[in-house]
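For the sequence shown, our numbering gives the first residue as 4, with consecutive numbering after it.
Please note: incorrect hints may appear among the correct ones.
Below, computed lysine-lysine pairings styled on DSS-like, alpha-carbon distance capped at 25 Å [to be verified]:
1. K239 to K262
2. K26 to K262
3. K50 to K26
4. K133 to K93
5. K93 to K56
Hints were generated in silico from the structure; no laboratory data involved. All values derive from a computational prediction rather than experimental measurement.
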Amino acid sequence: MRLAVSTWSLSYMSLDEAIRTIKRLGVDVVEILLDEPHLRPADMSSKMLLRVKELVNSTGLEVIIHAPFLNLNIASADETKRSYSSNLYKRALEVAYTLEAELITFHPGYPDFPGIYEQSLLLSINTMTKILDMASQLGVNVAIENMIDTKREILCVTAEDTLMYLNSLGDRVLLTLDLGHAHIARELYNFIRKLSDVIVNVHIHDNDGAYDQHLPLGMGTLNYSAALSSLLKHAKGLRYLTIETTPRIGEEGVVMTIKRLEELIY
């Protein structure tokens, strides 16, 4: 198991500065978010990608990837939007392959409006099946992230729905467990109980139990000590603990969370 930091947490910096800062903080892995403001696959030239690869190689950091998600939806009933989203996911896979990333995390999408959950679920699964076919060819491991529900029916909010989603895709997909999302959904221990065998990555952040605040550990109501103890005991395939604290608090929030984790684990 290795400690990682998301570039999103330092997105007020340039990508170069964020990566160098993550290295300076003494962690082993960088999770590069392929989205604004740093990178977006649709806008990445080969030259830009090569520069990022050279930078990462110079630091010695291992790379994992978070696929883009802003204004994307692979579960959309709008074929144009769904196709565009799928194409960006595929481009993200190519980027992950080029950067020799061990893992890429995707969001499963959401219904465009209430009342079409089942339709959206099938559309997401069909789209993700094609993504997984490509990932298998490239040799990139794929994880789905659990979501939060914000007045819409969202895919993969509960442990039961997430388990069903993953089972629909066979044994080719893993889980990035977002602690903050699971805390808001009151589903954290259900996730650990039902999906511990597929948890490969954990997004680490805290909140007040109601809003997705991405606070440093200890600033919210998450019993992170108990949660992490349970994860370390049951999630035998867990490889990454990825800090995903808000850029509004910046490097200070990352450092606070690193210290909390070190007190518990190391």
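Against the structure, the hints come out as follows:
Straight-line distance between C-alpha atoms of K239 and K262 comes to about 23 Å, which keeps the hinted pair within the 25 Å bound. With a C-alpha separation of about 16 Å, the suggested pairing of K26 with K262 holds against the 25 Å cut-off. Annotation: proposed proximity of K50 to K26 holds, straight-line Cα distance about 23 Å (limit 25 Å). The suggested pairing of K133 with K93 holds, with an alpha-carbon distance near 9 Å, which does not exceed 25 Å.
Distance restraint check for K93 and K56: the Cα-Cα separation of roughly 19 Å lies within the 25 Å cut-off, and the hinted pair is therefore satisfied.
The earlier numbered hints are all upheld by this structure, with none contradicted.
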